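Given only the sequences and the hints, what does the whole structure look like? Please build it.
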Amino acid sequence: MGEFIYKSRYYVLGLLVLALATVPLWGTEYIVLFCLLFCLYLALSQMWNLLIGYSGLLSLGQQAFIGLAGYTVAVMCNYYGVYIWLSVFFGGVLSVLLALFMSLFIFRMKWVYFGIGTWIFAESMLLWFSNWKYVKYGVGFFIKPTTPVTMNDLFYASLIIGVGSVLLVYGLLRSKLGLGLMAMRDDEEVSETMGVKVFRSKLYCFLIAAFVTGVSAGVLYVFQVFIQPYKAFAIDWTVILVFIVVIGGIGTIEGPIVGAFIYVLLSQWLSEYVSVSMLILGAIAIAVILLAPKGIMGTLQERLGFEILSPRRR
Amino acid sequence: MEDLAQPILNGILLGGLYAVIAIGLSTMFGIVKLVNLAHGDLMILSSFLSLVLVSWLGISPFWTLLIVVPAMYFIGYFIQGFLLNRVLGKELEPPLIVAFGLSIIIQNLLLLIFTPDARSLMTSLAIKTIPVGKSLNIPAIYLVDFLAGSVVIFCLYYFFQKTYMGRAIRAASDDEVAAQIMGVNTKNIYAKAMGIAMMTAGVAGVLVGTTFTFYPHTGPQYLITAFGVIVIAGFGSMRGAFVGGLILALAQTLGAQFFGPGYQLLCGYVVLLIVLAVRPQGLFGTV
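Heads up: the sequence lines are chains A and B, in that order. At position 180 of the first sequence (counting the first as 1) the number is 180 in the working numbering, and the numbers step up by one without a gap. At position 3 of the second sequence (counting the first as 1) the number is 1003 in the working numbering, and the numbers step up by one without a gap.
Hints were generated in silico from the structure; no laboratory data involved. This one's a predicted model, so the numbers in the text were calculated from it and none came from an experiment. Don't take every hint at face value.
[As the list claims (entries may be wrong)] Taking lysine-lysine and the BS3-like style, the derived pairs with C-alpha atoms no more than 30 Å apart in a straight line are:
no., chain 1, residue 1, chain 2, residue 2
1, A, 110, B, 1134
2, B, 1033, A, 197
3, B, 1033, A, 110
4, A, 294, B, 1033
5, A, 294, B, 1187
[What the hints assert, rightly or not] Each pair of labels, with its calculated beta carbon distance range:
no., chain 1, residue 1, chain 2, residue 2, range
6, B, 1033, A, 167, 55 to 61 Å
7, B, 1112, A, 167, 38 to 44 Å
8, A, 262, B, 1279, 53 to 59 Å
9, A, 224, B, 1262, 22 to 28 Å
10, B, 1274, A, 199, 49 to 55 Å
11, B, 1260, A, 270, 39 to 45 Å
12, A, 28, B, 1113, 44 to 50 Å
Heads up, the beta-carbon is just placed ideally off N, CA and C, and yes, glycines get one too.
So, in structure tokens, the structure goes:
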């Protein structure tokens, strides 16, 4: 069965993407909204997966990029009347610059220290933004695009980002950099002796993840309209990403796809009871780690050889 | 100089409280190499436990320690025994993620039961101050925090250095295999260690509750405080926890003095990041 799926995988994937792309034609408004959120969370979690699953970087501070990008969009639109998609792009660029600045401090740290460092950075941004007059302190913004943005525009933007993020990670892992990353993940010291530039590879991943996270967050905030520091820089973002990736399977490309689907489904279903859905997510994540530590897709791969997007070279 | 004396005094006293917040996290890292991301939430859980007891029995929050601290021992024992022990040792991610999941579960359970309102444990000490000299005032509750924190850390130090149980825990952490060969049930030892760490968190929770207001969502904030103390001190160093607490608290109170209260926490984080960048292993740590 695994072999059959492997051979016909491009058709299956093509059909899936086609189905997604034509959603506005056949789906109801609710389905479009669902797919939009799914694509954006897919991109965000795919980037966290790239960091933890392939580069060994435990980032607990993705919300720093999410908040910064959201605020970039808000400030550029509201204060300077910049074209909306251009400001979304700039949100990504500024996230990369922030990631570069962060790397000066935190790239000497290892593992948990790295996580704490990124988290403290995000918390500092929260405090700074909520004390900063230019961004109206903690009051927040209503993002007002200069040109009207329709639901379809938003949907296709998130579709490009969502599908793009999967292709990006796939392409990255099939490249020379990806080979180095996987060698690094298996044994950092040996791979360094074999000529893998560990520091530089990790930095590239961190920067790429910052850019995609920033752009996705920009679109998400154009969709959500309202931005506030306490929400934008909250640790809740990282909590969601951790759960999506853990449930789907750390270090698999398909994992975040499944995880993001489950998360969006659950959060929409229980949208009136946010704390209940977070409770359930927490319980599922613990259960998955105890029973099937590789997540849903990781376990399927192990048991059935079920791989759709394999970075493995055959 | 006159203006600085008060924030420095407050900072020193607050440092004792921060040290006791951090000591449980530091102990668990030292013994099991576990970073308990639910530490802050478990601490806030004990604040709420104390709140419930206060409103039930109408006693002073300090008396609730008699029930909260043993209760926290059992909570810690069960968390380690039934959840964390099962994922220890394989890789680094699983225990982290289980603790992270626990943190979210505790936060949202508290939110469902107690609503997001601000709470505090009222004592008669909260508004009292002890005047020293002309312009200095010692807030009574800060003094209690400092003294209680010192006592907890001294007891913990004594426990690990001098008692049989404490030595057994350290032995199990030094060489797990050797301890197992000698017939020590290391998993059980770890569960007990977590119970003890949670007893310190119980004390910290009640102290924090009497000193500041707390919400179901304040756990992560104290987790970062605890991390800050430990990162400055170096993981697993008990002596360092006190110094780390002092540095972090002083950075905050002096920062508030110079830049305004809104920047209090931010100044603490900036000092932390500088320490991390210059000395990633902490001031007292060895890597």
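>> For a quick check of understanding: which of the numbered hints are violated here, in increasing order?
In response: Per hint list: 1, 6, 8, 10 and 12 violated.
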